[in-house]
Amino acid sequence: MASRRTVTTSSSGWRFTLVIVLFLLLLGGGITGTLFATGFFDSKTTISREGQIAFPTLARPVSAYASISREDLLHPQTRQLNVTWIPEAQVSPVMLRDLGKIIGRVVKRDKQPGYILTERDFMPAGTRPGISAGIPPGKRSVAVKVNDVPGMELLRQGDLFDLIAVLPSRDEPDSNIEQAALLGGIKPPDTRSGQLARQTGIKPLVIAGTMVAITQGKSQSTGGSQGLVVTPAGSRNKTTPEMIATVAVDPVEVAPLIRQLRNERIGSCSKGWIHN
Numbered sequence: 001m002a003s004r005r006t007v008t009t010s011s012s013g014w015r016f017t018l019v020i021v022l023f024l025l026l027l028g029g030g031i032t033g034t035l036f037a038t039g040f041f042d043s044k045t046t047i048s049r050e051g052q053i054a055f056p057t058l059a060r061p062v063s064a065y066a067s068i069s070r071e072d073l074l075h076p077q078t079r080q081l082n083v084t085w086i087p088e089a090q091v092s093p094v095m096l097r098d099l100g101k102i103i104g105r106v107v108k109r110d111k112q113p114g115y116i117l118t119e120r121d122f123m124p125a126g127t128r129p130g131i132s133a134g135i136p137p138g139k140r141s142v143a144v145k146v147n148d149v150p151g152m153e154l155l156r157q158g159d160l161f162d163l164i165a166v167l168p169s170r171d172e173p174d175s176n177i178e179q180a181a182l183l184g185g186i187k188p189p190d191t192r193s194g195q196l197a198r199q200t201g202i203k204p205l206v207i208a209g210t211m212v213a214i215t216q217g218k219s220q221s222t223g224g225s226q227g228l229v230v231t232p233a234g235s236r237n238k239t240t241p242e243m244i245a246t247v248a249v250d251p252v253e254v255a256p257l258i259r260q261l262r263n264e265r266i267g268s269c270s271k272g273w274i275h276n
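Numbering (my numbering), first residue to last: 1 to 276.
Check before you lean on any hint, since a few could be wrong.
Label pairs and their calculated CB-CB ranges [claimed, not checked]: (1) I207 <-> R156: 47 to 57 Å; (2) E119 <-> R60: 43 to 53 Å; (3) L25 <-> I86: 47 to 57 Å; (4) G227 <-> P76: 17 to 27 Å; (5) R128 <-> P76: 19 to 29 Å.
Derived BS3-like pairs: lysine-lysine, alpha-carbon spacing no greater than 30 Å straight-line [unchecked claim]: (6) K203 <-> K108; (7) K101 <-> K145; (8) K108 <-> K218; (9) K139 <-> K218; (10) K203 <-> K101; (11) K145 <-> K203.
Derived by calculation from the structure, the hints in this document are not laboratory data.
Source: prediction; values computed, not measured.
Backbone N, C-alpha and C fix where the C-beta goes; we use that ideal spot for every residue, glycine too.
With these hints in hand, go ahead and build the complete structure from the sequences.
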């Protein structure tokens, strides 16, 4: 009886060892197969750049009127200069490679990652960063509350507009004349029919003004208010910053426009239209 127990115990131990060995072989085979499948054992092939030229490209978005920094050109993972290789036959003389002509320069418009910069993308050398960089020569900037001028939120960078204030009739000082909404390129029906022209107190405020940008807190948009970041409904910050439009107007239009914006009786210069 004692001899039979010894044989049984030895057989069980041998089987257990065999199971462990098979398990390890299967595990090793699975790991090896995975490494082969992912190319771990493949020899790294060197990509030939013969006949190509490297150009620095943006590694992250840059907003209009901001200056380009070195960080804007560094890949976030490798911390190396972010470049795009272009075949020599496709290279244009306007493409910039010299970092001295890129870093510190102010861009005219919003730029996206991967963009190769040209001189046309920049403001003149020496321009200081900030929204004031978008004011054309000979013009002055005025900050307008977007809610004071219905339709102002629809304007994009470079759009031209006219502002005309319509005052109440002198015969009916308390009359509530319907506002002519600000619509891009569309005059309201009462204007087309000539009714607006017959009202007294029509006052042109801005002729061929230019939209520069709309800001809300620290956010800036050159594509209308829809380009601004929307505060989530569950945010702890319940106060939403007011949207401010920076517009460029002629110097002689600055004072009348500001006075009109402050005129409580009329409310604002929201009575007008936009021409694109």
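Do the hints match the structure? See the list:
1. I207 <-> R156: 47 to 57 Å: Violated - the Cβ-Cβ distance for I207 and R156, about 19 Å, lies outside 47 to 57 Å.
2. E119 <-> R60: 43 to 53 Å: Because 21 Å falls outside the window, the suggested range is violated.
3. L25 <-> I86: 47 to 57 Å: holds, 51 Å
4. G227 <-> P76: 17 to 27 Å: holds, 23 Å
5. R128 <-> P76: 19 to 29 Å: holds, 27 Å
6. K203 <-> K108: violated, 33 Å
7. K101 <-> K145: The hint is violated at about 37 Å.
8. K108 <-> K218: With Cα atoms ~19 Å apart, K108 and K218 stay inside 30 Å; holds.
9. K139 <-> K218: holds, 25 Å
10. K203 <-> K101: violated, 47 Å
11. K145 <-> K203: Holds. K145 to K203 sits at ~20 Å (cutoff 30 Å).
Taken one by one, the earlier hints fail for this structure at numbers 1, 2, 6, 7 and 10, listed in ascending order.
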